[in-house]
Amino acid sequence: MGEDKTGGEEMKKILLTVYIIGVISAGLLFAQGKNGVTQTAQAESTPVVAVSTVTADSGAATVESKTVKTEIQSPGVVTEYKEDGTKVVTINLSEVDENKLPEKYEAKVILEAPILELDYIKANKAKLEKKVYFAYLNDDDLKQDIDVKIDENGFIYIFDPYMGRIQKFNSDGKHLIDIPFDNTRKAHLQGDHWIADSMIDEFEVYLGEIYIINTIKNTIEKIDEKGRVKQKINIPEKSDGQSAREAIMYIDPSDIIKRKDLQQNTDNLKGSRNTLNVMVKEIYPTVFNVKSESCEFRVVQNSPSVKSITFIYIDRFQNVYFKSVGMKGNERGFYKVSPCGKMLGVIRDWKYRVEDKWRDDCENRPEPLLMNWQESMIFNKDGDLYFFENICCKNQINCIGMVRVLKVSRRK
Amino acid sequence: MSISQKRLIFFILSFLPSLIYALDGNAIKKNAETYRDCEWKCNTWNARSENVDSKDFEQNNNYYPFFPLGAAISEDENGEIVFKIN
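First to last, the sequence lines map onto chains H and B.
Heads up: the first sequence begins at 0 in numbering that gives the first Met the number 0, then just goes up one per residue.
Heads up: the second sequence begins at 0 in numbering that gives the first Met the number 0, then just goes up one per residue.
Just so you know, not all the hints are guaranteed correct.
Below, in silico cross-link-like pairs of lysine-lysine (BS3-like), each with a Cα-Cα straight-line distance of 30 Å or less [as the list claims (entries may be wrong)]:
no.	chain 1	residue 1	chain 2	residue 2
1	B	K54	H	K306
2	B	K54	H	K406
3	H	K121	H	K173
4	B	K5	H	K380
5	H	K12	B	K5
6	B	K54	H	K280
7	H	K341	B	K5
Hint data in this document are derived by calculation from the structure and do not stem from the laboratory.
Computed from a predicted model, the values in this text were never measured in an experiment.
Build out the structure end to end from the sequences listed, making use of the hints.
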């Protein structure tokens with residue numbers, strides 16, 4: 000009898016356990032079955048990130064004192080001197096005529112070099128010696144992209160990862176040296192794809208120093224022009240409260256380099272970066288305050304169809320460059336303003352992309368070499384604007400495209 | 000507990016995980032079938048955020064060239080912005 004009772008309780012316990020496992024299993028089954036595909040679909044899409052513009056001191060834009068003197072600089076550009084001593088430069092981008100501004104610009108191609116398949120390069124080393132070219136590897140799971148930087152001295156650096164080098168050019172596109180780096184890649188196979196464990200895929204040039212960045216291993220190395228590692232920089236565990244190693248997307252390696260150099264080399268920074276002597280502050284998307292060593296003024300863009308202008312760059316003469324976001328051609332371009340508020344010139348960047356004379360041999364417009372046009376247009380310290388383009392290579396086997404560099408500089 | 004009861008429980012517990020995974024795979028496949036013939040369209044929800052902009056195309060991500068309707072995609076020979084219209 001007692002034995003029967005014990006056996007019955009044991010049976011109850013076992014059945015209860017089976018029941019609980021069954022319920023949990025059914026729950027898991029339901030959850031996975033229902034959401035499996037949906038989750039995959041969500042992973043494919045990218046969430047839309049809302050972008051807002053910070054408008055600091057927006058009230059100040061509306062409170063203005065009385066104008067005591069008005070001066071027309073050129074069509075569409077008016078300077079107003081206010082009673083309180085401030086100066087306001089009002090630009091109507093729809094009315095600005097670049098031909099009536101003091102500076103005119105001209106463009107020339109300073110570099111054209113093929114992007115060749117790596118296998119072809121390996122098989123034709125002798126033939127390619129002393130030629131400028133870049134390498135590409137088809138169907139590479141661990142894709143590495145060409146990147147470009149211009150340093151404070153005007154040298155151009157082009158990241159050529161498949162060749163394990165950074166090519167250095169002068170400001171007129173003459174090849175100077177190859178800076179080698181160890182591009183040994185480590186990866187493991189996951190299904191049909193290779194997943195990188197170690198790969199140098201970014202670089203920075205800052206205050207004449209070259210930094211190579213392994214975004215997979217999260218390391219930065221400073222190298223000299225012979226490729227020797229001079230210093231290793233640890234990426235901090237935390238960046239702005241975020242765990243740096245877990246969320247590399249929150250880290251800008253160049254920011255870490257700059258912060259580090261700011262701490263260690265402040266004197267050097269002061270000596271070589273006079274751009275720090277100019278402050279540009281956004282008051283409103285179409286209103287900026289500029290404070291240089293000699294002057295202080297406000298830039299106001301008042302063409303109704305132009306929604307915003309963006310501060311882009313300050314050159315070594317303390318000229319300030321803005322870019323407009325407009326719909327029409329006569330509203331679009333880079334606007335150069337002197338440190339005391341004189342409108343100097345407009346570079347209609349779109350002309351160098353759409354005009355027939357800049358089409359490639361296949362009659363196509365140039366494509367940006369980097370991810371987009373914004374990244375592929377870079378100013379140097381003299382205010383020259385470089386377009387880094389990808390064009391076709393016609394009738395050339397084992398060539399997937401050409402790197403073309405267009406330099407737009409002030410006409411003398 | 001009898002031997003037969005113990006065997007039954009043993010088999011249930013042994014096969015339960017494989018049943019879960021087998022059904023899981025089938026469920027995924029069944030769900031996938033309904034999506035197989037769907038026409039995928041780029042819209043403001045699934046596009047890269049930089050490709051959604053309707054004012055400027057210069058920041059577009061050319062590595063992922065998919066644009067929703069109304070997005071700025073290019074410029075014409077007069078420098079006017081061209082939008083995605085179909």
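Status of the hints after comparison with the structure:
no., hint, verdict
1, B:K54 <-> H:K306, "holds, 9 Å"
2, B:K54 <-> H:K406, "holds, 26 Å"
3, H:K121 <-> H:K173, "holds, 24 Å"
4, B:K5 <-> H:K380, "violated, 83 Å"
5, H:K12 <-> B:K5, "holds, 13 Å"
6, B:K54 <-> H:K280, "holds, 23 Å"
7, H:K341 <-> B:K5, "violated, 93 Å"
The earlier numbered hints that this structure contradicts are 4 and 7.
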